[in-house]
Structures are given as C-alpha cells and as structure tokens.
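Asks: If you want the building blocks of each chain, they are given just below.
Protein chains: 2
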Amino acid sequence: MSQSLRELAKRRGLFFISQGSYGGSAGFYTFGPVGNEVKNNIVEEWRDVFVRGLGNMEIDAPTVMKEDVFQASGHVDTFDDMILECPNCGRSHRGDHLVEDETELEEAEGLPTEKIEELVEENDIGCPSCGEALAGVEVSEFNLMFDTDIGPGDSETGYLRPETAQGIFVDFPRLKQYARNQLPFGVAQVGRGYRNEISPRGGLSRVREFTMAELEQFILEGQKPELSEVEDVTLRILSREMQENGETPADMTPVEAVEDGVVESEWIAYFLGRAQTFYERIGIHPGRLRFRQHQADELSHYASDCWDAETDVGSEGRDWLEVTGFAFRGCYDLKKHHEHSESDYTVFREFDEPREVEEISVDPDMSWLGPELGDGAEKAVERLQELAESEPERFEKQSSVEIENGSGTMGIPVDKTGFSRETVEKNGEHVLPQVVEPSFGIGRLVYSVLTHSLDTDEVDGEERTLLRLPSEVAPADVAVLPLMDRDGLTDRAREVASTLRNKGLEVRFDSSGSIGRRYRRMDEIGVPLCVTVDYGTLGEEEETEKNTVTLRDRDTTEQERTDISELADRLA
Amino acid sequence: MSQSLRELAKRRGLFFISQGSYGGSAGFYTFGPVGNEVKNNIVEEWRDVFVRGLGNMEIDAPTVMKEDVFQASGHVDTFDDMILECPNCGRSHRGDHLVEDETELEEAEGLPTEKIEELVEENDIGCPSCGEALAGVEVSEFNLMFDTDIGPGDSETGYLRPETAQGIFVDFPRLKQYARNQLPFGVAQVGRGYRNEISPRGGLSRVREFTMAELEQFILEGQKPELSEVEDVTLRILSREMQENGETPADMTPVEAVEDGVVESEWIAYFLGRAQTFYERIGIHPGRLRFRQHQADELSHYASDCWDAETDVGSEGRDWLEVTGFAFRGCYDLKKHHEHSESDYTVFREFDEPREVEEISVDPDMSWLGPELGDGAEKAVERLQELAESEPERFEKQSSVEIENGSGTMGIPVDKTGFSRETVEKNGEHVLPQVVEPSFGIGRLVYSVLTHSLDTDEVDGEERTLLRLPSEVAPADVAVLPLMDRDGLTDRAREVASTLRNKGLEVRFDSSGSIGRRYRRMDEIGVPLCVTVDYGTLGEEEETEKNTVTLRDRDTTEQERTDISELADRLA
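Protein sequences appear in the order of chains Y and R.
For the first sequence, the positions run 1 to 572 when my numbering is used.
For the second sequence, the positions run 1 to 572 when my numbering is used.
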C-alpha cells in the first residue's frame, strides 16, 4: 500500500488496523466512517449488478458452521497453507512465500511440502524475523479455518466459514424449492469470510477477516447464458497459455473469448463481462485490471477452471491483486453434500421427449440370503446391486453369480437375486447441477478503488490530495457548506442540506474551519460536489435578483453559481 | 413461534434452521431470499433513522477481537450464564431457566448460583431431557463468548464479539479525531454478534449468531438531546416502580417521561422516542410494544440504567420479547480501556470561562530517595503522589511525612518530596465521555414484524394467508404478472417490469401457475401490489382506447385498471 494512501486512510477514517490501543490485531481491519460508506456503496452496486440485475436470490447464512459441513466440502482436509516455524525465534512463516521472496520462483503455492523444504535448503533461506538458517526445518500443513466450540459440555466443533458459498450449497435442497426446481438460478450472499492467515500482510490485501460477495450460479449441463447481453464489453485476458508463452494480455469481448477457445465456459465468460461493467462503475481503472486464468497447480480443491480478476495496486504494474475469482466448481460441492448427508441435492431434469431407459435392479430373496449369510447379508445385497449394474451379463449367462464374501467368494443362484433388466419410458432424470461461482473480495475492491482514485494535483500553488471516486461509491453525493459560521449562513445551509436529503441525496454538512480547508477535506474523502451557502444565497447581494449558491466540482475545482430553486433537481 | 409462521417461514423462504441436511445447527438460522430482503430493508430503515437521520457515523469493525479487549470490558469475567449438567444424560441446562420454568419465579437471571442450587433442591426440579432429579448438582458459570485461536503456533486467544459495541469503544481514540473532538457524537455499527447459548430456544428469539444494529452515543455530562424532536411521540412505559406495584404500562411522551421522573436520562427518553417512530415504520404493532425498565438485578455489568423495548410475540400478550436495549453505560467502557491500554480515551472539555484550578504535585529528589529506598523508591513516589492529593496538609504542617514501606512505615523529609500546591488558570479539562446505547436485535425485529404482519382472511370462500408488511420492509414494492404465459403477455410484462425497475422500484416477476395462485404467493410474502398484464395491456380489447393493466391491492384484494403510461409515476 502506498504511503500516501496509508496516511490518508488514517487521517480521514477510511480504514485502520483494529484495536490499536492494544497494539493492533494483525490481519483485522476496521473500516472507519468514510471507508464504511465506500464499502457499503460498493456492496450495493454489486447487488445491483449481480442480484437485482440478474434476478437472483440473496440469502444470509451463519458465519459459524458445523464440522460436518466442512468435512464434506473438503476444507477440513485440504484448506491448508504450508507453515514453517523458526527454531530460534519461534515465529511462523508461510513456506511458499519464503520461497517466492527468496528465489526466482513466482508461484510456489502449489508445490508439495518436501519441495519447499528442498528449496529452503538449496537457497540457504533464513528466518525473515531473526535470520536463523531454516535448512532442515520441517514444513507442515496448517489449516486456515478458525475453529471454536459450539455449546457447552457436550460441545461440537464449529468453524468460521472460509467462504460464504458453503452456506448456500449446504441448504441447496431448500433453495431449489424456492426456485421451484427451475434451473438455471443464482443464489448470492454478502457477508464475512475468515482465513487464519499464518502471516497477514500489511493493508487490506491479506487479512484474516473480510467481507465477500459471492454468487453461486446453478446450471444444468448444456444450459447457456445470454452472452449477447455482454457483447459490448472488452476484457483484458491473460490465459494460461499466454502466461506460459510469456505473452501480454489481449483485449477481446466475452463472445470472442469463447469463440477463440480462450475461455472454455460460456458462463465464466458471461460473468467476466458483467464484472467488467461492475468494476468500471465502482471506479476500477480499466487499464489497471486484467483477467488471469489459474495455472493448473493454483486451482483450489473444488475448481476445475478458474479465472482471477486482478487489479494493479502497485505503482509500476507489477503488483497484481486478486479481487475476484471466477471458478467453475462443477458439481463438486453438491455431490459432496449429497454423499455426506441424508438429503437430496439433485434436481429433476425433464427430457425434451420421453426416453427409453434401461433399468437394472436386484431384489434378493432374503429368506434364502439371510440364513445363508447371517450378518453378511446386507453387504451381499450391496455387492449384488453393484455387480448387476457393472456386469449384468453375469446374471444372464450363468445360473449363479460369485461375490466376495469376507475371506473368500461365494456363489449365489441367480434366481435368488431377483435380477431384472427392463426398458422403461422416462420423462427425465435426477441430476446434480453444476456451479459457476464469481466470488468478490469487497475489502480488496475498496482498496483497489481507493488506490486507483487517489490523486494529487496543484491548486492555487499548493499540492492537493483528492479521491476521484465515482459518485456511485463516494461517501456522499454532495457536501453543503456555509461560507462562514455566522450571519445565519449556517442555518440557511442546514435548510439546504435538509432539502437535498429529502430528495434522496446523501449529504455531508460541515461548518467548521475556513472554506478552503473544508473543500480540501471533501476532496480527500472524494465527495464529488460542494454547495457553498454564502451571502448571495441570503439574497443580500444587490447585483443579483436571485438567491444562488456556489457549486464546486471536486475534479476541476471549477465553481459556478446556480439558483437555489434549481439546485435539488440539478443534482438529482 | 406460531405454527403458521413456522410453516410460512419454511414454505416461502423467510428463515430456517441452518444446515438442515446435517441435522441442523441449534441456534443458527439462515435467512432465505424473502427473509433476507425484509432483514436488509429493516437495516436500511434503521440507518435512515439512527445514522443518516441523526448525522451519525457508521463503522465496520472485526467480529473476532483480541482477549485483551474483553478482559478490559469485563466480558471474560462476567459474561456468563448459570449452567447445570445432568449427571444422567449429560445434557446442559441454564440454571435460571430451569427455575423460571418450574417455579413461580419470573426472573431468576440475577440470582447467585447457590440460590439456584437451593431452588432446584427445594422444588425437586428434574432434568427436562431425561427426568433425572437435579438436586445436589453443582450450578456453575459458563462464559457465553465463542473463543478461537488467532494465528498459528504462538497463537493468541480471540473471541467472537458478544456485541458490536466494543469494536467502537476500543478505537474511540481514533474515532474522536474523526469527530474533531466535538461531543456529542454518535457512532453506529451493524453486524454480527455471538452468544454461545447453553440451550438455544426455537425460532429467532434465542440464537447463537445474530445481526445487531448498535448506536453508541458519546456525550459529556450535562449535554442534552433535542427532546422537542420527539415531542409528538407516545410511548407505552413500564417503569421499575410500576412493575413492583403490579401496574400496567402507561402512555406518555418522552418529555412527560422525563418531567415526571419516570425516565431519568433525557438521552434514553430521546432514543425511546426515535425508536418508537422506527418501530412503527417497519410494521411493529404499536399496541404490541412496550418499554420496560430493567430491575436492578437484571442490569448488565456495564449498565447503570436500562430500558428494553419489548414486543408481544405470543397470542395473548404474555410472551414479551426484548428487541432493543437502551442502556446508560456511563463512562464504564471507555474508563476500562483507558486504564487497561496505553491510549487516551478522554476528550478535552473547554470550560465556559477559564477557571482557577488548584494543582498539587510532588517531584521527589531521587538522588536522596534512590539510595535510601533502593527497589522500593518507585512505589514510594506513587504513594507520595497519592498522599499529596488526599492529604496535602500533611506536607504543609510537618517537616516530614510518613509513608508505608513494605513491612513498616518510614518518614521522608518534606523538602525531599518536591511538594507543591499552586493555583493555575485552566481553559478546560480532560474527561471521559459517557455513553448511551440503543442496541437493536435485527433478527428479533424481523421475527416481531413477521408475527405482527401475519394474518389470514377469506377470499372467494377460501382462507388466505398474507403478510401485511409496510412497503418499506416488504421484499418488493410490486409484482408484475402476465395473466397467462402466452400470446406475448410475458414479454410485455417483462417490459413493464423493466420500466418500473428503472424508476427505482423493487419488482418481482412471476409467470408460472394460475394468476390466482400467483396472487396468493405474493400475498404470502407481503408484496403490497400486483400489476397484471393482460389483453387490455396489449391494446387488443376493442372497448378500450387505452392500454391498461390491473393493479391489485394485497390488503383489500381490490382491483382497478390503470393506464400503463401512468403506472410508473403512480407507483413511485
């Protein structure tokens, strides 16, 4: 993060490390009054595009969830980072970051722990805190979920969710009902996510608690999005192949990306297009934005393809920050919950016309199987069912079938298995939907927007700092300022502010300090317009018949007088 | 919760126990698509009244905070419930609830654990789960904060915040700067709070994770709110005295409540007034709302006075649910953080005019004290300072003062103490602000609003269920429905929906099923108006020149035709 943004953030209440009185809490930020408004505005714009704009549902699930859910989702087993503890000072470090910082390797996250140990040794990497040589130190896996105990005594383990997504997936059996089983449909969620980072970095780029906005788009294989809706959008694309060839990003539309085979999933291409529009609306600089495809070893355990939207948050286009992941999760998550729980995560897909389908089943004669097999009977039934599906011919060509039975094999007469193979007419089938997920990091977007908006220029011979925020995300639409705090100007200004508020505008009011200083303050927090109430407003200036105010533009600092009766309509 | 609300909640996606596929997670709810909209709307109304309406700031602090903070705030030591574990089945129960359920006692929360043990024994209370007699079982304190570990290895304990308030208090030294040290000012926060309830109850009334909206109003002693702003509001008041006398609530305005001495703090009276307006706007039934003062033994550890807004969520006015606490926290929290941390939580309060202030200080001669006392010198200096402030005359009337010194006392010559007493002129002083806190439980408000809105009537000889939600909190302003899904009606209806959306209206669209069934669906989720697009809209009916739609009112089911060109303006 740039020094100037860091200072501005503190001075003007954008964001700051939380609990500073107690030394701060690494990786935990508080959004101050101004930062919180920007953040809330970005969330509302997101809802406009991805919830209301696409006719999607939004839900609000808990942040603390049961262990069962994350066992099923794979997070308990695989949501890890590589950790390495310095034997001298006891500080913990991320193995992949150590290697990336100290070698030519740009991406070490996908490497196995043994490889990291090797690289640490080969490159004589030392502890960043105390300098101790780390060769020979074990690299292990550290689970990034915060855990806690739910309830007293007979408590069960719970986790702070690492993504809002699982709150949607796990209750899909209910959500599909609200969508009346009609796919495609999308379910969104905005809320907290948590990652117990080994070593949080400065600024909002790697934190332990963050706000996410996620959309889970449920589709059936073959269903297509309306790519024509995003045909006018241009994306800067950096595919896996382009990265391997050392190429620079190429500009193309979502349709071109699909037609040229650069983006495989039409749904991902569609969401890249929607996101591009969203980014521009909130003030991400198009020239400092790119869509980069994951390398195979970067992919999360649930994703078969993934694109990141990355913003340039450095000064030389070298520091790219992931602000959104567009993942093709397939039916990974729903399949896991379908298998791990008792509920049905499928939807019924009607065929275009009824189809002849072959049904194979067994219905064993338990009065024979029971006495014959005792406790093993139940397992034998399962094996018969499996065998019938995989090798039905064995039931048809022989008089008995052999199945494994603990120590050996045993033959079961086919006429005791109740084997049948028949052709039936079906109108459809139960299938697990696939999921395409755009997942936005709201804090990182705030950070990117502020970085891209922060500017300095010279006004009246003095350097001025300003945030060139679009009015959609600015902490207010307009500031109302009395020229001075006397002669009834303040009261008149309050009336003006109140009138504008009633028109639905977000209004700031400030009456303390010189008017120049107040302009600078509003520039620094990105308020696009200032309305100054002066003696002309009171109708006391003789040369004018009208009651006017000064309207000042943040970006140009140009001022013009406008009649107060026209003000509200003009701003609205 | 009523059976009909429970069923409606499931059927229409208001809310449901989360993670139902894994048996559900007690005390953790998911707001479905409709419930989430109602919830978000209530939050926005709250911001309208308590943030924007009062010119307050809003921040967003982490939900996981360091142990230091909750050590200081008193939550580690005192945020407990009484727990009692059944020796037979191992289930845990809340001691006070057991006693309340099984005896005449209405409020047992404030009793000591020994008293609960006595009452369990005297009343032969058995385990609610298995029936085992609980006499003789120990009642202990169970801390209600969820804990977790922050970071790996050298990790520190963190807690999920039990209230958003501490995130505001702990960073007050920074927040006062954003308010330029001008009090009064208010800081709001909307976000999650957590309580690891021993036995969560059904519905949204006692959950383990919830959304709160809190306002911390910082004031200096003597500063007054503008009570005139709430002079037209009527409150149903049930004071501590009225409860003791078995009286029913009395109607009065905030001004009357203060003048009659019923509500001591003018700030609390002011916020009761603001809240009353808010409750009415979101659809709380005024006749099912009251403000009840806490009994002395109900008060939280930080509060010196507290009023609860309670809503009647039962069927006979017997089941009152706390939806808001209005607590006078004094300077409790800021003082604790001021003492426990290194930061300054005071603000400078200017006197109306400069005052003569007596300053007493010591400045001991360490070259004498050091050799004389060795390691005890530092403590001796502290004691001298205390003594000088409490009994300055001892420094003035004697040539030596005696202080305690480990085992005995020792005399120190006054001329070695550097004692001075002087009168200086001061412009002001550093003081700790006081805090008045209205704290709203958003989930409980959603629950109350739904309970008060749920109604049944008879339409066309059939029973109809509807939510009589105010348009401010309804999940949509209007539903647009094609009469049938054919003859271009659906496309025309989509155009109408799109036009209305562009006017800023929240619009639902539904084209599946009979029109009657769709009306019922919209009634059940509380959409106030339906627009039906039919053949008249297409201009195909000969008897009319105009293109009209049907506008149907949820509450009356009355329908009228209105010209499509006037529709948007009429609804907006």
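One thing to keep in mind: the hints can contain errors.
Claimed, not checked - Simulated pairs of lysine to aspartate or glutamate, DMTMM-like, Cα-Cα distance not exceeding 20 Å:
hint, chain 1, residue 1, chain 2, residue 2
1, R, K503, Y, D48
2, R, K503, Y, E402
3, Y, K546, Y, E560
4, Y, K379, Y, E402
5, Y, K397, Y, E342
6, R, K416, R, E429
7, Y, K10, R, D477
8, Y, K115, Y, D68
9, R, K10, Y, D344
10, Y, K426, Y, E402
11, R, K503, R, D491
12, Y, K503, R, E524
13, R, K335, R, E45
14, Y, K503, R, E404
15, R, K416, R, E396
16, Y, K10, R, E342
17, R, K416, R, E378
18, Y, K503, R, E472
19, R, K503, Y, E44
20, R, K10, Y, E342
21, Y, K397, Y, E358
22, R, K10, R, E524
23, R, K503, Y, E393
24, Y, K426, Y, E472
25, R, K224, R, D260
26, Y, K503, R, E378
27, R, K503, Y, E472
28, Y, K503, R, D305
29, Y, K503, R, E256
30, R, K503, Y, E45
31, R, K336, R, E378
32, R, K416, R, E389
33, R, K379, R, D344
To be verified - Each pair of labels, with its calculated beta carbon distance range:
hint, chain 1, residue 1, chain 2, residue 2, range
34, Y, N181, R, R6, 15 to 25 Å
35, Y, P128, R, E44, 21 to 31 Å
36, Y, P286, R, E109, 35 to 45 Å
37, R, E141, Y, A568, 21 to 31 Å
38, R, R6, Y, P112, 43 to 53 Å
39, Y, T456, R, Q295, 54 to 64 Å
40, Y, G261, R, D457, 23 to 33 Å
Treat the hints as calculated values from the structure; they're not laboratory data.
Positions of the beta carbon are idealized from the N, C-alpha and C atoms, including for glycine.
Asks: If a hint holds in the structure, say so; if it doesn't, say that too.
Replies: Structure-based check of all given hints:
{"no.": "1", "hint": "R:K503 - Y:D48", "verdict": "holds, 14 Å"}
{"no.": "2", "hint": "R:K503 - Y:E402", "verdict": "violated, 72 Å"}
{"no.": "3", "hint": "Y:K546 - Y:E560", "verdict": "holds, 14 Å"}
{"no.": "4", "hint": "Y:K379 - Y:E402", "verdict": "holds, 14 Å"}
{"no.": "5", "hint": "Y:K397 - Y:E342", "verdict": "violated, 37 Å"}
{"no.": "6", "hint": "R:K416 - R:E429", "verdict": "violated, 30 Å"}
{"no.": "7", "hint": "Y:K10 - R:D477", "verdict": "violated, 40 Å"}
{"no.": "8", "hint": "Y:K115 - Y:D68", "verdict": "violated, 32 Å"}
{"no.": "9", "hint": "R:K10 - Y:D344", "verdict": "holds, 17 Å"}
{"no.": "10", "hint": "Y:K426 - Y:E402", "verdict": "violated, 32 Å"}
{"no.": "11", "hint": "R:K503 - R:D491", "verdict": "holds, 19 Å"}
{"no.": "12", "hint": "Y:K503 - R:E524", "verdict": "violated, 32 Å"}
{"no.": "13", "hint": "R:K335 - R:E45", "verdict": "violated, 33 Å"}
{"no.": "14", "hint": "Y:K503 - R:E404", "verdict": "violated, 70 Å"}
{"no.": "15", "hint": "R:K416 - R:E396", "verdict": "holds, 13 Å"}
{"no.": "16", "hint": "Y:K10 - R:E342", "verdict": "holds, 19 Å"}
{"no.": "17", "hint": "R:K416 - R:E378", "verdict": "holds, 14 Å"}
{"no.": "18", "hint": "Y:K503 - R:E472", "verdict": "holds, 17 Å"}
{"no.": "19", "hint": "R:K503 - Y:E44", "verdict": "holds, 17 Å"}
{"no.": "20", "hint": "R:K10 - Y:E342", "verdict": "holds, 19 Å"}
{"no.": "21", "hint": "Y:K397 - Y:E358", "verdict": "holds, 18 Å"}
{"no.": "22", "hint": "R:K10 - R:E524", "verdict": "holds, 12 Å"}
{"no.": "23", "hint": "R:K503 - Y:E393", "verdict": "violated, 66 Å"}
{"no.": "24", "hint": "Y:K426 - Y:E472", "verdict": "violated, 52 Å"}
{"no.": "25", "hint": "R:K224 - R:D260", "verdict": "holds, 17 Å"}
{"no.": "26", "hint": "Y:K503 - R:E378", "verdict": "violated, 64 Å"}
{"no.": "27", "hint": "R:K503 - Y:E472", "verdict": "holds, 17 Å"}
{"no.": "28", "hint": "Y:K503 - R:D305", "verdict": "violated, 39 Å"}
{"no.": "29", "hint": "Y:K503 - R:E256", "verdict": "violated, 34 Å"}
{"no.": "30", "hint": "R:K503 - Y:E45", "verdict": "holds, 16 Å"}
{"no.": "31", "hint": "R:K336 - R:E378", "verdict": "violated, 24 Å"}
{"no.": "32", "hint": "R:K416 - R:E389", "verdict": "holds, 17 Å"}
{"no.": "33", "hint": "R:K379 - R:D344", "verdict": "violated, 23 Å"}
{"no.": "34", "hint": "Y:N181 - R:R6: 15 to 25 Å", "verdict": "holds, 23 Å"}
{"no.": "35", "hint": "Y:P128 - R:E44: 21 to 31 Å", "verdict": "violated, 46 Å"}
{"no.": "36", "hint": "Y:P286 - R:E109: 35 to 45 Å", "verdict": "violated, 58 Å"}
{"no.": "37", "hint": "R:E141 - Y:A568: 21 to 31 Å", "verdict": "violated, 58 Å"}
{"no.": "38", "hint": "R:R6 - Y:P112: 43 to 53 Å", "verdict": "holds, 51 Å"}
{"no.": "39", "hint": "Y:T456 - R:Q295: 54 to 64 Å", "verdict": "holds, 59 Å"}
{"no.": "40", "hint": "Y:G261 - R:D457: 23 to 33 Å", "verdict": "violated, 59 Å"}
Of the hints listed earlier, those the structure fails to meet are numbers 2, 5, 6, 7, 8, 10, 12, 13, 14, 23, 24, 26, 28, 29, 31, 33, 35, 36, 37, 40, in rising order.
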